[in-house]
Amino acid sequence: MRDALSYQARTNHWLTGALVLACVIVAGVGFAIGDTFYLRLATEALIFGGLALAVDILLGYTGLLSLGQALYFGLGAYVSAVTLIAYPSFWGAMGAALATGLIGGLAGGLIANRVRGVYFALITFGMAQVMAKAIYNTRSLGASDGLIGVPVIDINLGLLSVSTASPAGFFLFVLGMITALYLVCAYLMDTPFGRLLIAMRTNEARVPFLGYRTSTLRLGSFMLASVVAALSGALYPMLRGFVSPELLFFATSGNAVITVILGGVGTLVGALYGSLIFTILKSVVGSWTEHHLIVIGILFMLVVIFLPKGMMGLLHALLRRASAGKRP
Amino acid sequence: MLEYIQFVLAPQVVTGLALGVAVILVALGLTIIFGLLDVINMSHGEFYAVGAFIALALGQLGLPFWVLLIGVPLLMLPIGYIVERGLIQRVFHTPDRHVTTLLLTFGFGLVLEDGLRLAFGPNPHKPETPIPGAIEVLGTFLPLYRLFMVGFGGAVIIATALIVYRTRLGAMVRAAAFDRNMAASLGVPVEHVYAGAFAFGVALAGLAGVLLAPIYSVFPTMGRDFILLAFTVIIVGGMGSIGGAAIAGLLLTQVQAISSLYISPVWADPIVFGIMVLMLVARPKGLRGRLGHA
Amino acid sequence: MSSTILEVEDLSISFGGLHAVDGVTFAADRHRITTVIGPNGAGKSTLFNLVSGALRPVRGRVRLDGRDVTGAPPFRMQAAGLARSFQITALFFGLTVAENLRLGAQRLEPTGRLWAPVRRSGRAQARVQALLEQFGLADKAEYLVGALSHGEQRRLEIAVALAAEPKVLLLDEPTQGMSHGDTEVTAAFIRKLAQDVTILLIEHDIGLVMDLSDKVVVMHQGRKIAEGPPAAVRADPAVQSAYFGHA
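So the protein sequences, as listed, match chains E, Z and X. If you count the first sequence from 1, position 14 lands on 14 in my numbering, and the numbers rise without skipping. If you count the second sequence from 1, position 53 lands on 53 in my numbering, and the numbers rise without skipping. If you count the third sequence from 1, position 220 lands on 220 in my numbering, and the numbers rise without skipping.
For reference, chain E alone in the conformation it holds in the complex (with noise of 0.2 Å):
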């Protein structure tokens, strides 16, 4: 018996699948013209995605906004950094990143925990400066420059192995990722588990008389969202090479926040959408002027005020319209 919420998740994975789709094709024409720059960038944003698929799940679901996931995001980062420097393994990064995401996550949930609303955003920006600025202070960790000389490292899965270093080959490996990331979280937000931090984003109050333990569901989902930020920042070091203080930036929560409301809040799949779109613009834009951050910022302005639903909820109004004579 499928209600509602599944058919729009359903709807939602057809989109995810669309994505998917096109992913590959880009990543077969990019590995057939010999491209390394747009397959990066690609890949980069498929990243970022994984950022965003995080703040959604605490914004679009949960109901808390959170100024400040880049702290996890930048912290799976430098773990993952370190751990590929002094010892190149995948898994030994991945796993660092998921129990810094696991311990961190606890930790900063339990503080933020105790507020909610507007508070919650000031607690969740002001831990993630404190963070940027200690690392940015921190000589062992680069201080300002960061770290650089993280090295290719080969993926071994089995059957075949990819190289960090393959644009085509490392943009589907991380469609993969982000994509199995996707899948753990929409999996996550159709069990009553969901549903129930979907009921406390709708009224709070009464959640705690249905049986559960408000405290608890959030820091679970706070949990949750530390994790796939932190999995998702794991895999820019072996992108990239290097990991900077920038990535725990207030400029990196607020692109992530910009990112799922372009593409639709509490969507998931938009989150992905949405940072394609973002860093489309902010290279398209970003090669015409400088100053990108105004077009993103009156852009962001116009679809908070007119669609609020984001590009999703488009989407989702246009495919309405086009199966409206089939559905029972």
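Treat the hints with caution; some may be incorrect.
Partner residues aside, some chain Z positions facing chain E, computed with beta carbon under 8 Å [to be verified]: (1) 111; (2) 162; (3) 224; (4) 263; (5) 266; (6) 270; (7) 284.
I should point out that these hints are in silico values taken from the structure, not numbers from a laboratory. Keep in mind it's a predicted model, so treat the numbers as computed, not measured. Don't be surprised by glycine CBs; every beta carbon is placed ideally from N, CA and C.
Got chain E sorted already, so can you dock chains Z and X onto it with the hints?
The following block gives chains Z and X in isolation, referenced to the frame of chain E:
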């Protein structure tokens, strides 16, 4: 010991007071906007920067400091008014307006910041100190400009408090903050009050920008750096409370000023944030209550 | 098994200097309808908040089926078998009727089911179907709550509280804002519900109170001033002077 007070502590306290007054002005604007409109103005730091830049530009055209001091905030009033009516009101009546206005002002802040970068370039500028020199008071040398800041800023803060709590205009504002519909039905022009309060709030931020420009120099991201401190002040003081913002502002900047004598400045942000978190966890209402109730 | 399922003893709470609930003691019998009435400001909703765990009392005890549940938070009250509806409709407005009911019924499933796909929560789903039939909302199952009429929303409010099969159901002005016809229907509902569940009710409609109640508790300015069968309470001079004035 006396020498220590004379040459180290006293000037530092005065510096702290000067910064404190400016921080209070910014926080005051933020807390009035929150207390009245229930809006978190994420672009507030950028309005602070805008004030500083306008003063810089007009100053380079030759206008004297006194004109800037009065003129720049006055200039920012209509800007703030238009932003509130034209931008914020568009999402004000949506169900999740708290998040939406936060996001909207966040986006606007980005536009402002990049706009400043576009107009003035990314490099910092430092206008000359308008009142150079120092006077000797009881053996210590206190910078004149900072003393002026304390005096002028303090006067503006007190005037604001008086207006809000002792005038009819202030009563209208507090009524609108307490219960919008009731105030409207009693004849209070709530839309204008809201827009006016927003305008006033950002004008205060702009004034702080004018005052602090000669000390900290002027650059496009100056708002972002400042905003964490401003938010901490209003959280510690109690969001929506004017008295709270004043007390918290003085306290926090004094703590910062005196502690910078002993510990490295990299600890400044963590300490500020730590205080914010402690406050939110232990006493979310802050030291005082909301504008309508304080 | 004693006939008393809910016991409230010397329950008290103050706000500032105001004694919102002051030393209230009464008992509700199993499978009976006990109604709490009183003029506005008597402390009825506060009493409900104390019993359901939304507020902690400064004094007094609450016993559910012999177990002391004083001061337990709402989620634990729910586990003990107590559920409540709200005077101001507190449904999940952006969600469908069926989803609201399912959320209410989820506790029937073991905790592990939280992590399985929603459609696997078979027992909860079955409960949802049963409730939809019982409350006459079957054809509106996929409607968003906002699309329901006020009367339907109030019925759904009760249904959600009932979803996890509680032992005691607290209904806070269930007919609030309803038309006369709707009120009659709801009253019949409540009477039928009492066959399976103990009901504690706050009501203003005196006709309804007289009709439905097995026992009436009267509150005035935070204190209980009468407790007994409807006819006896109605004749009580203390009650009449505090509250009635019309037949």
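Hint check results:
1. Given the 8 Å rule on beta carbons, the hint for residue 111/Z holds: about 4 Å separates it from the nearest Cβ of chain E.
2. With a least beta-carbon distance of about 28 Å to chain E, the hint placing residue 162/Z at the interface is violated under the 8 Å criterion.
3. For residue 224/Z, the shortest C-beta to C-beta distance to chain E is roughly 7 Å, which falls under 8 Å, so the interface hint holds.
4. Because the beta carbon of residue 263/Z sits about 13 Å from the nearest beta carbon in chain E, more than 8 Å, this interface hint is broken.
5. For the restraint placing residue 266/Z at the interface with chain E, the shortest Cβ-Cβ distance is roughly 5 Å, inside the 8 Å limit, so the hint holds.
6. Using the Cβ-Cβ criterion of 8 Å, the hint placing residue 270/Z at the interface with chain E is satisfied: the shortest such distance is roughly 5 Å.
7. For residue 284/Z, the interface hint holds, the least distance from its beta-carbon to any beta-carbon of chain E being 7 Å, beneath 8 Å.
Of the numbered hints listed earlier, those contradicted by the structure are 2 and 4.
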